[in-house]
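Peer 1: Sequence:
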Amino acid sequence: MARIITERLIVSLLVILGSLVLVFCILYLLPGDPVLSMIDPSSMTPEAIANLRNQLGLNEPFYVQFGHYVFSMLHGDFGKSLLNSEPVLPKILKHLPATLALTLASTLISTVLGVGLGVLSAIHRNRLIDVVARIVGLFGISMPTFWSGILLILIFSVSLGWFPAMGSKGLITLVLPSLALGFVGAGFIVRMVRNSMLEVINEHFIVTLRAKGVSEKIVMYRHALRNALIPAITIIGIHIGDLLAGTVVIETVFSRQGIGRILADAIMSKDLPVVQGVVFFSAIIYVLVNLLVDISYVFIDPRVRRTQ
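Going by my numbering, the first residue of the sequence shown is number 102, and it counts up by one from there.
It should be emphasised that the hints constitute simulated quantities derived from the structure, not laboratory data.
Any given hint could turn out to be false.
[Stated by the list, open to error] Cβ-Cβ distance ranges computed for the label pairs, FRET-style: (1) Leu261 <-> Leu239: 21 to 27 Å; (2) Val165 <-> Gln358: 33 to 39 Å; (3) Ile368 <-> Pro162: 22 to 28 Å; (4) Thr335 <-> Asn303: 17 to 23 Å; (5) His305 <-> Ile105: 25 to 31 Å; (6) Leu130 <-> Asp178: 21 to 27 Å.
[Stated by the list, open to error] Mimicking DSS-like on lysine-lysine, the simulated pairs with C-alpha atoms at most 25 Å apart in a straight line are: (7) Lys181 <-> Lys371; (8) Lys270 <-> Lys195; (9) Lys195 <-> Lys181; (10) Lys195 <-> Lys371.
Glycine included, every Cβ here is placed at the ideal spot set by N, Cα and C.
Given the sequences, and given the hints that come with them, work out the whole structure.
Peer 2: Take a look at the structure:
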């Protein structure tokens, strides 16, 4: 087991280093001059603009800029915002709790709704609840997050007045954006759990358990569900990464303060250090989530340990 975890850790570190290189290269190759987005060109002379570009190190060769970038990142220095000289890392850490709360709440909603409906759909195949679960899954997959967010605002905020449409203070402001993100994830999880459960139900060991007189509830919830959870956990892990990306849209729609919102603002203003910091930080969280998912396989399914 220790060897499996060590291998996963090494692979995760390589992925983080790869994302570090990829983020820098993409932003380096983007067209446009970050200095001109910081200032009003008409208010400064060309010499002053050139001096500012030199101070920021933007005239250095690619490999020099990349070396400074990697060295600083490895020492926890994510640079300063080009707009207001605010250090990037404290800015990310300040807004991270709001994004994590939104991600966790959305994951909880999508997992409970997706796994619950997926299991009921498989057990009651071709009945009314199966049809309802499949419709919920289809709607969840089909609806873009910004559309479901606007729909929730119109129904529960504008028409009914139950929840605020904007803001990020208090748990009540978390309800609508969590539902908008969670419902999308639930659509994928319903389908995955339903298909996995149907495959497991037809396995020989399930038939054997039934032949031995084991009750249907124990067969389904102790044996079939446990074996069907592996692909569901994979989807949930991937979905958490998608949620981090989806917060960019949802935090903008609901005017929430989070790293998704500051990423959108940084992209609009070409504030490259902030963009690099948020994207790299998100990549680290995504890799850590998938590392935990990989390690969970070892504990959930003994076959993984044997095959390794």
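Peer 1: Would you say the C-beta atoms of Leu130 and Asp178 sit inside 21 to 27 Å of each other?
Peer 2: holds (23 Å)
Peer 1: Need the status of pair Lys181, Lys371: alpha-carbon distance at most 25 Å?
Peer 2: The given pair, whose Cα atoms are some 13 Å apart, holds under the 25 Å limit.
Peer 1: Given a hint of 25 to 31 Å, does the C-beta separation of His305 and Ile105 actually sit inside it?
Peer 2: holds (28 Å)
Peer 1: Look at the Cβ atoms of Leu261 and Leu239 and judge whether their distance stays inside 21 to 27 Å.
Peer 2: holds (25 Å)
Peer 1: Verify the CB-CB distance for Val165 and Gln358 against the hinted window 33 to 39 Å.
Peer 2: holds (35 Å)
Peer 1: Using the Cβ atoms, figure out if Ile368 sits within 22 to 28 Å of Pro162.
Peer 2: Cβ of Ile368 to Cβ of Pro162: about 25 Å, so the range 22 to 28 Å holds.
Peer 1: Between Thr335 and Asn303, does the C-beta distance stay in 17 to 23 Å?
Peer 2: holds (21 Å)
Peer 1: Is Lys195 within 25 Å of Lys371, Cα to Cα?
Peer 2: holds (21 Å)
Peer 1: Has the given pair, Lys195 with Lys181, been kept, meaning a C-alpha gap of at most 25 Å?
Peer 2: With Cα atoms ~15 Å apart, Lys195 and Lys181 stay inside 25 Å; holds.
Peer 1: Taking only the CA atoms, is the gap from Lys270 to Lys195 under or equal to 25 Å?
Peer 2: Answer holds: Lys270 to Lys195 is near 14 Å, not above 25 Å.
The structure meets every hint from the earlier list without exception.
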